[in-house]
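Asks: Sequence:
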Amino acid sequence: MAQFAFPLCCAERQRYSTMIVDEFSLKHPDNRHRRRSSRILPLDFSDPNFIQVERLFSKGWRHSQKTKPVVRAVFKILSSDESLELYAIYRSQVQAFNLLTRFKKGSNEQLCFHGTRRSCALGDDSSQVFLCQSPECSICSIIRASFDVSKCGAAHSFKRFGRGIYTTSCSSKADDYYSSGRSTRQHPGNLRVLLLNRVVLGKPHNRRHNAPHMNQPPPGFHSVVGLPGVDLNYEETVVYHNDAIRPAYLVVYGPPSLNEQPVKVHKKDLLSPPSLNQKPVARSASKAHALLSALFKTPLAA
Numbered sequence: 001m002a003q004f005a006f007p008l009c010c011a012e013r014q015r016y017s018t019m020i021v022d023e024f025s026l027k028h029p030d031n032r033h034r035r036r037s038s039r040i041l042p043l044d045f046s047d048p049n050f051i052q053v054e055r056l057f058s059k060g061w062r063h064s065q066k067t068k069p070v071v072r073a074v075f076k077i078l079s080s081d082e083s084l085e086l087y088a089i090y091r092s093q094v095q096a097f098n099l100l101t102r103f104k105k106g107s108n109e110q111l112c113f114h115g116t117r118r119s120c121a122l123g124d125d126s127s128q129v130f131l132c133q134s135p136e137c138s139i140c141s142i143i144r145a146s147f148d149v150s151k152c153g154a155a156h157s158f159k160r161f162g163r164g165i166y167t168t169s170c171s172s173k174a175d176d177y178y179s180s181g182r183s184t185r186q187h188p189g190n191l192r193v194l195l196l197n198r199v200v201l202g203k204p205h206n207r208r209h210n211a212p213h214m215n216q217p218p219p220g221f222h223s224v225v226g227l228p229g230v231d232l233n234y235e236e237t238v239v240y241h242n243d244a245i246r247p248a249y250l251v252v253y254g255p256p257s258l259n260e261q262p263v264k265v266h267k268k269d270l271l272s273p274p275s276l277n278q279k280p281v282a283r284s285a286s287k288a289h290a291l292l293s294a295l296f297k298t299p300l301a302a
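The sequence shown begins at 1 in full-length UniProt numbering and counts up one residue at a time.
Read the hints as simulated data drawn from the structure, not as lab findings.
C-beta: ideal position from N, C-alpha, C; glycine also.
Mixed in with the good hints there might be a few duds.
Unchecked claim - Only pairs whose alpha carbons sit at most 30 Å apart, straight line, appear in this in silico DSSO-like list of lysine-lysine: (1) LYS159 / LYS105; (2) LYS105 / LYS66; (3) LYS59 / LYS203.
As the list claims (entries may be wrong) - Pair ranges (Cβ atoms, derived): (4) THR67 / MET19: 42 to 52 Å; (5) LYS151 / GLN186: 21 to 31 Å; (6) PRO255 / ARG102: 44 to 54 Å; (7) THR101 / GLN133: 41 to 51 Å; (8) GLU23 / ASN206: 29 to 39 Å; (9) ARG208 / LYS105: 15 to 25 Å; (10) GLU82 / ARG32: 27 to 37 Å.
The whole structure should be built from the sequences, with the hints applied where relevant.
Replies: And the structure:
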């Protein structure tokens, strides 16, 4: 446990062990429609979480030389309460530490991208929701058991800020680390996937220079943030504790193309979106109706 962690009393442990931790829990009522044994759940395009993820992905695509892709699907990642409890406990400890030290951002929880290897068809459509057993598939391993700092460097030997778990707000940077491994599988529409993760940054230590010797942040800090300008072109965020991060969403994306069809999502697989989110769809239909009428100069039946 990190130096800022506080031992939990029996009452606190009991409180965490008897509650559904949050919306990413397998036991949460909102997730009861999931397919049997599935750990990922497709979201409707009008779901507020889908909209948030799509906005973060688009905003984070900063490589001007790379064509910005289109988000084709977003899957919510479900975890066991046992895994989520450890994350919640770590987050509360960081919150308490920062309260004592008067750091105003508290646990400073952020959503950050992580690109890694996928060796299966997970996410190619809404029927591909079961994790594979291949040791080559890092995506399925992370979704199944979360991140493991001891595996840092398994795929990439260069560790800019030492042995830690690397994420970024820059989706186009995370895309650089996506691969299909040695798989020869052809994904429809050249679909790729990234993980969007909940990360407890706490009080970050900002750096502009490489520090490959590091294996933890300096005393009083909980993460390392690499800032662009000297050794980095794009931001990187590193945490050094397994319980500082949990996968939250699987983002499926592909190149923009008129001939490419979006990932097919079946209604029975979806979470029911709030009725408020149907308004934008109605507005879009109304605009399309007006445009067709103008093009053909003929009133169209509503």
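Asks: For each hint, tell me whether it holds in the structure or not.
Replies: Here is what the structure says about each hint:
1. LYS159 / LYS105: Roughly 28 Å between the alpha carbons, so the hint for LYS159 and LYS105 holds.
2. LYS105 / LYS66: Answer violated: LYS105 to LYS66 is near 34 Å, above 30 Å.
3. LYS59 / LYS203: holds (24 Å)
4. THR67 / MET19: 42 to 52 Å: This hint holds: roughly 45 Å between Cβ atoms.
5. LYS151 / GLN186: 21 to 31 Å: holds (28 Å)
6. PRO255 / ARG102: 44 to 54 Å: holds (47 Å)
7. THR101 / GLN133: 41 to 51 Å: holds (44 Å)
8. GLU23 / ASN206: 29 to 39 Å: holds (31 Å)
9. ARG208 / LYS105: 15 to 25 Å: For LYS105 against ARG208, whose Cβ atoms are near 21 Å apart, the range 15 to 25 Å holds.
10. GLU82 / ARG32: 27 to 37 Å: violated (19 Å)
Against the hints set out earlier in the document, violations occur for numbers 2, 10.
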